[in-house]
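Engineer: Protein sequences, first through last, are from chains A and D. Take the first sequence: its letters are residues 0 to 353, numbered as in numbering that gives the first Met the number 0. Take the second sequence: its letters are residues 0 to 289, numbered as in numbering that gives the first Met the number 0.
One or more hints might be untrue.
[To be verified] Here are some, though not all, of the chain A residues that point toward chain D, as calculated from beta-carbon distances under 10 Å:
id, residue
1, 118
2, 207
3, 211
4, 213
5, 255
6, 270
7, 287
[What the hints assert, rightly or not] Using C-beta positions, here's what the derived DEER-type ranges look like:
id, chain 1, residue 1, chain 2, residue 2, range
8, D, 98, A, 115, 55 to 63 Å
9, A, 116, D, 210, 36 to 44 Å
10, D, 153, A, 115, 35 to 43 Å
11, D, 178, A, 260, 44 to 52 Å
12, A, 244, D, 211, 51 to 59 Å
[Claimed, not checked] From chain D, some residues computed to sit far from chain A (all C-beta separations above 10 Å):
id, residue
13, 114
14, 179
15, 234
16, 288
Keep in mind that the hints were calculated from the coordinates and are not lab data. Glycine included, each C-beta is placed from N, C-alpha and C at the ideal position.
Listed below are the residues making up each chain.
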Amino acid sequence: MDRTAWVLNETELRAWLQDLIAGERTVVAPVAEDGVVVYRPLAAAGQAVLEPRGKARWSPKEFLFPRTEALYSYSFKGDAVAITDPPRPERPQVLFGVRSCDAAGLARLDEIFLSGRTDPLYAARREATTVVTAGCAAADPECFCTAVGGSPVGEEAADLQLVPLDGGWLLRVLSGKGEALVGEAAAGWSAPPAESGERVAALEREVAAQIGRNPVPQEWAKVLEGGFASPSWDRLAAHCLGCSICAYVCPSCSCFDMNHEANAWCGEQCRSWDACTFVPFTLHASGHNPRATRGGRYRQRVLHKFAFTAEGEAHFRCVGCGRCVALCPAGLDISQIVTAAAAAIQEEGADAAR
Amino acid sequence: MQPAEAVPNLYHPNLMRIAGFADETPDVRTLKLQFADAGEARAFTGWRPGQFGQFTVFGAGESVFALANKPWHPNGGAEPPTIECTFRAIGKVTNALRALSTGQTVGFRGPYGNHFPLDDWRGKHLVYIGGGIGMAALRSAMLETLDRKAEFGEVLILNGARTVADMVYKEEMPSWQAVQGVRVVRCVDPGGEGEGWDGEVGLLPNVFEKLALDPADRIVVACGPPVMLHYLFLSLGKLGYRPEQVVTTLENKMKCGIGHCGRCYVGPFSVCRDGPVVTWAELNELPKDY
Ligand SMILES: Cc1cc2nc3c(=O)[nH]c(=O)nc-3n(C[C@H](O)[C@H](O)[C@H](O)COP(=O)(O)OP(=O)(O)OC[C@H]3O[C@@H](n4cnc5c(N)ncnc54)[C@H](O)[C@@H]3O)c2cc1C
Ligand code: SF4
Ligand code: SF4
């Protein structure tokens with residue numbers, strides 16, 4: 000029998016989830032809170048929203064990269080300063096029912112926090128995290144994973160993968176961590192149908208066909224980077240409010256601010272989410288701001304997602320979840336803007352050559 | 000109960016005691032810092048000229064400054080490390096730092112960033128051009144150059160400021176000038192000269208042009224506000240300097256100092272990780288985002 004894949008019906012899945020919750024791990028999954036689906040630690044398996052489509056309002060990134068956290072705390076009285084490092088992240092956690100796009104977002108965070116000087120806090124949480132993804136059987140209107148090289152059943156950063164099949168779920172082991180999470184639970188589960196591989200491939204094609212947005216070819220990375228000075232950025236970003244909702248909901252945005260929160264005796268060095276679409280992001284104390292215009296700031300958002308890739312990285316940093324498209328109060332659509340910017344830059348290039 | 004195990008922390012600063020300070024101008028101060036803990040002092044591995052550090056004012060926050068004194072190298076405890084920084088009081092952290100006095104405690108983490116390739120410049124003539132507080136980023140390399148003067152050709156130091164009162168390192172310039180083969184030129188912007196000023200008057204790039212140096216075998220190291228660098232590069236181009244001969248430092252706003260916070264990017268180039276030292280040639284390859 001194939002020991003790395005099974006089919007589970009709804010009851011079996013929930014029973015397994017309940018066992019996981021009862022264990023020593025924190026299990027985080029999508030739950031409905033006041034009508035909005037968000038990731039929360041589960042108290043009971045019944046809370047989890049496990050649907051064959053749809054995504055949570057926020058990505059699960061905050062369970063690895065919290066919205067705000069103390070990097071250390073300190074007390075200071077006169078000249079005696081005492082610093083306390085944060086405790087090692089508490090318990091192992093399972094991120095359960097994560098969409099493929101959001102899991103790919105975690106891989107993008109890994110590239111930042113685990114590269115160069117590894118961030119020990121992030122690394123400790125990452126190490127203690129097992130990711131169970133849930134593939135999609137249908138795309139939402141804003142989704143465009145396949146346009147940026149992703150897949151509704153993508154395997155990136157997944158330790159285990161659930162794929163919706165015949166009203167139940169195919170469960171596949173994709174890593175040692177995933178295998179460990181399944182452990183003995185698999186004893187009662189059924190073997191997958193023989194043709195499950197083809198069924199998953201068919202599902203992938205079906206969902207891809209529902210995604211109407213223009214594919215973004217890898218070559219555009221160079222085109223966009225070459226168009227840094229293009230006047231089109233000001234035009235394309237003209238309606239951006241600088242609210243940075245796009246960055247906060249984005250699974251791959253990883254920029255942060257560091258500030259001291261303190262009173263006269265004690266304080267904390269806090270790290271909190273930040274965004275390149277905010278005016279003060281690059282504002283020097285002298286008043287100089289290299290990104291003084293809306294166009295300049297929005298361009299950074301687009302180029303850091305679609306160009307400016309590190310040596311050897313052959314993928315975009317946008318994973319196509321579409322959250323920023325759905326939630327931007329000014330209606331900016333990053334996938335349309337990338338297409339429009341690339342077209343404008345190529346046009347300007349052609350004009351210059353004439 | 001056992002206390003929870005702490006994570007080794009990239010952001011944990013060393014505690015430093017303010018060992019002394021000198022006021023350079025009404026709003027610029029140079030601090031001398033020494034490790035509060037002898038063990039941390041012994042473990043310190045020193046720095047190379049051009050690197051920077053994050054300095055903490057407890058209760059206010061962190062600020063990035065260049066490590067401004069002659070590089071310290073481990074010496075078996077013969078001489079404990081002293082770190083100097085020269086900063087302008089301009090905002091929240093820097094004003095809080097200026098309010099501190101000798102004996103008080105601040106934090107330091109670093110060194111970060113790349114450095115000036117002094118060894119590659121052996122045998123060449125060197126020009127250091129600093130505009131205002133920009134001198135701080137050059138001082139470490141400059142002092143090392145003066146120390147190893149025999150390895151280099153002529154050294155010219157051009158210290159420019161808006162006004163006489165704004166000029167940094169006034170006290171120590173005579174000791175630079177005293178080194179054989181070193182010439183120090185001081186200059187202030189037109190209108191910034193006072194009664195009895197015996198230095199040059201003019202914008203830095205113009206003053207440099209007037210010196211009419213032969214670009215052959217010369218390296219120009221310049222640091223200053225973005226406008227100054229813009230006009231200086233125009234002058235250097237006119238004078239026939241190749242972009243490879245010109246070196247500067249970028250000062251994008253930054254928070255983490257280790258390539259994670261995403262703030263100091265110039266295109267794919269992260270100033271804290273890949274810089275801050277860049278040649279003009281490298282700068283020409285980057286988008287104008289600084
Ligand atoms: C590599 C490098 C070297 C530097 N070397 C020196 C030096 O030797 N001497 C000196 O006086 N200044 C130097 N600066 C600039 C200095 O870091 C800022 O002037 C200082 O951080 C302002 O902090 P503030 O809290 O007083 O100002 P505020 O405007 O109140 O700043 C708020 C926050 O923004 C950040 N910030 C503001 N401006 C800058 C900036 N230009 N660069 C980085 N972070 C900024 C600070 O982290 C601060 O916490 C350097 C900057 C860089 C990037
Ligand atoms: S693109 Fe939209 S969501 Fe992002 S900062 Fe601009 S207005 Fe806000
Ligand atoms: S940029 Fe927008 S569509 Fe792309 S991953 Fe971020 S939130 Fe999703």
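Engineer: None of the hints should be skipped; say for each whether it holds.
Structural biologist: Consistency of the hints with the structure:
1. Among the interface hints, the one on residue 118/A holds; its C-beta lies about 6 Å from the nearest C-beta in chain D, closer than the 10 Å criterion.
2. Interface hint status for residue 207/A: violated, as the beta-carbon distance to the closest one in chain D is roughly 30 Å, over 10 Å.
3. Proximity of residue 211/A to chain D is violated relative to the hint, the smallest CB-CB distance being about 31 Å (cut-off 10 Å).
4. For residue 213/A, the interface hint is violated, since its Cβ never comes within 10 Å of a Cβ in chain D; the closest pair sits about 24 Å apart.
5. Taking 10 Å as the C-beta contact cut-off toward chain D, the hint placing residue 255/A at the interface holds, the least distance being around 5 Å.
6. The closest approach between the C-beta of residue 270/A and any C-beta of chain D is roughly 8 Å, which is under the 10 Å cut-off, so the hint is satisfied.
7. Taking 10 Å as the C-beta contact cut-off toward chain D, the hint placing residue 287/A at the interface holds, the least distance being around 6 Å.
8. At about 35 Å, the beta-carbon gap between residue 98/D and residue 115/A misses the expected band of 55 to 63 Å.
9. Checking the proposed 36 to 44 Å range against residue 116/A and residue 210/D shows it holds: the Cβ atoms sit about 42 Å from each other.
10. Between residue 153/D and residue 115/A, the C-beta spacing of about 39 Å keeps the proposed range 35 to 43 Å intact.
11. Separation of residue 178/D from residue 260/A is about 48 Å and conforms to the stated range, judged on CB atoms against 44 to 52 Å.
12. Taken as a hint, the range 51 to 59 Å holds for the pair residue 244/A and residue 211/D, whose Cβ atoms sit roughly 57 Å apart.
13. The beta carbon of residue 114/D sits about 17 Å from the closest Cβ of chain A, which is more than 10 Å, so the claim that it is off the interface holds.
14. Against the 10 Å criterion, residue 179/D stays outside the reach of chain A, whose nearest CB is about 37 Å from its own CB.
15. Listed as outside the interface, residue 234/D is consistent with that label: its C-beta sits roughly 21 Å from the nearest C-beta of chain A, beyond the 10 Å cut-off.
16. Here residue 288/D does not stay apart from chain A, with its beta-carbon only about 5 Å from theirs, under the 10 Å limit.
In summary, the structure is inconsistent with hints 2, 3, 4, 8 and 16 from the numbered list given earlier, while agreeing with the others.
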